[in-house]
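Chains A and B are the protein sequences, given in the same order.
Position one of the first sequence corresponds to residue 0 (numbering that gives the first Met the number 0), numbered consecutively onward.
Position one of the second sequence corresponds to residue 0 (numbering that gives the first Met the number 0), numbered consecutively onward.
Quick caveat, the hints were computed from the structure, so don't treat them as lab data.
One or more hints might be untrue.
Facing chain A, according to a computed beta carbon distance under 10 Å, are these residues of chain B, among others [said to hold, decoys possible]:
#1 SER15
#2 ILE42
#3 ASP59
#4 PRO64
#5 LEU70
#6 PRO71
#7 GLY84
#8 THR100
Here are some, though not all, of the chain A residues that point toward chain B, as calculated from beta-carbon distances under 8 Å [said to hold, decoys possible]:
#9 GLU135
#10 ALA146
#11 LEU177
Here are a few chain A residues that sit away from chain B, every Cβ distance over 12 Å (derived from the structure) [as the list claims (entries may be wrong)]:
#12 VAL13
#13 LEU19
#14 ILE30
#15 LEU44
#16 LEU59
#17 PHE134
#18 VAL136
#19 ILE193
#20 SER197
#21 MET208
#22 PRO365
#23 LEU369
#24 PRO383
This structure is a prediction, so every number in the text was calculated from the model and none was measured.
C-beta atoms are modelled at their ideal positions from N, C-alpha and C, and glycine is treated no differently.
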Amino acid sequence: MNLLLVLPIFLPLVSAAILLLIPSAKLQRWIHIAACLAHFAASALLLCEVLRKGITASQLGNWPAPFGITFVADTFSAMMVLITGLMGFLVAIYSLDDVSSEHQKRGFYSLYQVLLMGVSGAFLTGDLFNLFVWFEVMLMSSFVLLALGCSRHQLSGGVKYLVLNFLSSSLFLTALGLIYSVTGTLNMADAANILKSSPLGISSMSAAMLLMVSFGIKAGLFPLFAWLPASYHTPPVSVSAIFAALLTKVGVYALVRVFTLIFTIQVDFTHDILIGISLITMLTGVLGAAAQYETRKILSFHIISQIGYMTLGLGFFTEAALAATVFYIIHHIVVKTNLFLIAGAISKLKGTAELKKIGGLYAESPWLALLFLIPAMSLGGIPPLSGFFAKFALVKEGVSLHAWLSVFVALAVGILTLYSMTKIWAEAFWKASPNENGDFGLGDAPDPTPTSSTTPSLPSLPASFWAAITAMAAVTLAISSWPQWLFDLSERAAAELSTPSHYIQAVLHSKQ
Amino acid sequence: MENLLAITIGAIYAFSFYLLLRRSLVKVILGVLLFGQGVNLLIFTAAGLTPDRGAFLKEDGSLQPPYADPLPQALILTAIVIGFGVLAFTLAMMHRLHRETGTDDLDELRSDEFDDPDKPAP
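With these hints in hand, go ahead and build the complete structure from the sequences.
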């Protein structure tokens with residue numbers, strides 16, 4: 000058994016248990032950071048191992064291949080675990096000064112570790128039912144993280160989050176029942192092996208569609224994304240940042256895994272549906288963002304529209320398009336998390352995240368403005384930043400497939416994304432602070448006791464905020480400067496995804 | 000037997016979807032509860048019914064086919080445990096929500112969705 004495969008799951012589990020037992024708040028913080036760093040290191044080692052040895056698989060409990068629970072890492076899942084570790088670590092640094100002591104007392108740190116465990120488990124498992132269990136681990140901790148503090152907004156956002164995600168899990172289970180009735184196995188490689196020869200029957204096709212709906216809810220695809228913008232702006236910023244980084248991407252990962260490995264027979268049906276859904280998702284997300292005036296709400300809608308780009312690459316289903324998808328996911332996680340953290344910094348400075356009530360940040364905090372520009376321009380796809388390469392790879396593949404509608408929508412959504420980013424830029428950073436010139440934009444009555452009228456005594460940001468935001472901007476700049484490096488990795492991942500026989504071989508013939 | 004169970008499962012799915020779409024939070028919880036049970040029944044049925052058969056080894060270690068498949072039962076058991084956890088959390092959260100807002104009508108919860116979340120609750 001390969002220890003590296005279970006370390007990214009085992010380490011957060013142990014640290015969550017330790018964190019529950021430690022009473023001292025100060026000690027908890029250090030363990031929290033150390034645990035996230037260890038998780039990051041373990042995931043880096045795992046990627047090195049996979050790059051050296053190819054697809055790595057292990058069977059737990061000494062059962063032979065299709066019967067035991069399989070853990071398997073190919074390049075794609077190892078990359079996802081690595082980016083989970085990196086984001087987990089950076090957001091953990093940010094959370095030190097962001098999360099209230101009330102949250103810390105109620106187990107924020109343990110829940111955070113359990114979330115990392117669930118996400119890593121979902122990326123590494125090779126068994127469909129086990130994937131369901133990891134989904135639930137991840138969801139349970141995210142439910143509690145979302146509701147921790149119990150404000151009205153958190154609760155009413157939490158209800159939507161809970162009910163829709165429960166629905167998604169139940170549909171997933173239904174699909175599992177159908178797959179089991181057809182193939183008699185829930186091991187992904189084994190099921191793929193059995194389903195690859197004949198066209199999908201009624202049961203397996205229903206299972207495919209149910210999985211698409213179920214993972215689509217988790218990924219935030221049209222039309223079942225309502226839970227996302229209703230809940231992501233309510234918890235503390237660190238929580239919504241780590242949600243934005245990981246949760247929807249687990250849904251995308253599951254979609255990619257299932258629709259490159261198991262259901263690849265009737266591509267012209269299943270993957271065409273995916274293309275259609277992706278295009279509508281991109282459009283609705285970006286148009287929803289245009290109507291919002293709260294920073295984290297704008298960003299939440301942008302998660303949805305960006306998810307559309309990722310699944311569009313899956314819908315094209317060529318090796319180059321899959322490589323673009325992988326590249327897009329990695330780029331997007333870094334950029335979006337950073338934007339959420341910056342939105343948190345803005346509300347920390349100004350006391351509110353409502354764009355109409357803030358302004359003048361460019362004069363007050365030029366460094367923050369610069370750090371905002373890097374991920375914002377990258378999200379909009381401005382060369383030479385990482386988002387440009389991601390969009391370029393996807394659009395290039397669309398052109399070579401003559402998918403003109405997809406190309407047009409992808410480019411139009413890119414422009415609209417830029418519009419939203421300039422909106423935040425103009426409103427929060429560039430325009431004068433509304434309290435200085437008495438101009439309230441939409442003619443709201445001036446607040447009798449304005450919170451930010453005393454600009455000289457502006458609260459400064461804690462060092463941990465700067466560290467996390469700068470580090471993420473540095474990652475974006477590194478991807479932008481040496482995109483070839485990430486592209487090589489993505490192409491390797493895509494090559495593995497488009498020849499599932501290697502994956503099946505690795506799982507079914509692995510030693511225990 | 001399969002047909003009867005299939006119809007039952009279909010009816011449970013239909014009822015629970017109807018309940019999930021209601022405005023009242025209590026009915027939504029009931030929908031959640033019912034849906035979980037329907038899914039368990041579906042896994043049980045889809046895996047194939049083997050009445051009067053055990054999944055146990057005989058004393059001499061042999062296993063006579065057709066024997067019951069133990070895997071779906073293990074899956075259902077896991078699903079029941081997870082569903083129970085989710086339900087417990089849902090109930091606690093709905094209770095808290097009702098105490099905070101004084102309503103169990105989902106439409107009334109929408110009105111404050113567009114407010115500034117940084118503002119203290121009224």
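Do the hints match the structure? See the list:
Interface hint at SER15(B): satisfied, since its Cβ lies 9 Å from the closest Cβ of chain A, which is below the 10 Å cut-off. A hinted interface residue such as ILE42(B) counts as satisfied when its beta carbon comes closer than 10 Å to some beta carbon of chain A; here the least separation is about 4 Å, so the hint holds. The interface hint given for ASP59(B) is violated, since its Cβ lies 23 Å from the closest Cβ of chain A, which is over the 10 Å cut-off. Of the supplied interface hints, the one on PRO64(B) is violated, with its beta-carbon coming no nearer than about 14 Å to a beta-carbon of chain A, more than 10 Å.
With a least beta-carbon distance of about 8 Å to chain A, the hint placing LEU70(B) at the interface is held under the 10 Å criterion. The beta carbon of PRO71(B) is positioned within 10 Å of a beta carbon in chain A (closest approach about 7 Å), and the interface hint is therefore held. Hint status for GLY84(B) relative to chain A: holds, with the closest Cβ pair at about 6 Å, below 10 Å. At its closest, the beta carbon of THR100(B) sits 6 Å from a beta carbon of chain A; the interface hint therefore holds under the 10 Å criterion.
For the restraint placing GLU135(A) at the interface with chain B, the shortest Cβ-Cβ distance is roughly 5 Å, inside the 8 Å limit, so the hint holds. The beta carbon of ALA146(A) comes within 6 Å of a beta carbon in chain B, closer than 8 Å, and the hint placing it at the interface holds. Because the smallest distance between the Cβ of LEU177(A) and any Cβ of chain B comes to about 6 Å, under 8 Å, the interface hint for this residue holds. Its beta-carbon lying about 21 Å from the closest one in chain B, VAL13(A) satisfies the requirement of being farther than 12 Å from that chain.
Chain B leaves LEU19(A) outside its interface by the beta-carbon criterion, the shortest separation being 17 Å against a cut-off of 12 Å. Its beta-carbon lying about 26 Å from the closest one in chain B, ILE30(A) satisfies the requirement of being farther than 12 Å from that chain. The non-interface label for LEU44(A) is consistent with chain B: the shortest C-beta to C-beta separation is roughly 30 Å, beyond 12 Å. Look at LEU59(A): its CB is around 15 Å from the nearest CB on chain B, clear of 12 Å, so calling it non-interface holds up.
The Cβ of PHE134(A) sits about 10 Å from the closest Cβ of chain B, inside the 12 Å cut-off, so the non-interface label is violated. Separation of VAL136(A) from chain B is inadequate, the least Cβ-Cβ distance of about 9 Å not exceeding the 12 Å criterion. Every Cβ of chain B is farther than 12 Å from the Cβ of ILE193(A); the closest lies at roughly 15 Å, confirming the non-interface assignment. Look at SER197(A): its CB is around 19 Å from the nearest CB on chain B, clear of 12 Å, so calling it non-interface holds up.
In this structure MET208(A) is separated from chain B by more than 12 Å, as the shortest Cβ-Cβ distance comes to about 15 Å. No Cβ of chain B comes within 12 Å of the Cβ of PRO365(A); the nearest lies about 24 Å off, and the non-interface call holds. Every CB of chain B lies more than 12 Å from the CB of LEU369(A), the least distance being 25 Å, so the non-interface label holds. PRO383(A), annotated as away from the interface, keeps every beta carbon of chain B farther than 12 Å; the closest lies near 36 Å.
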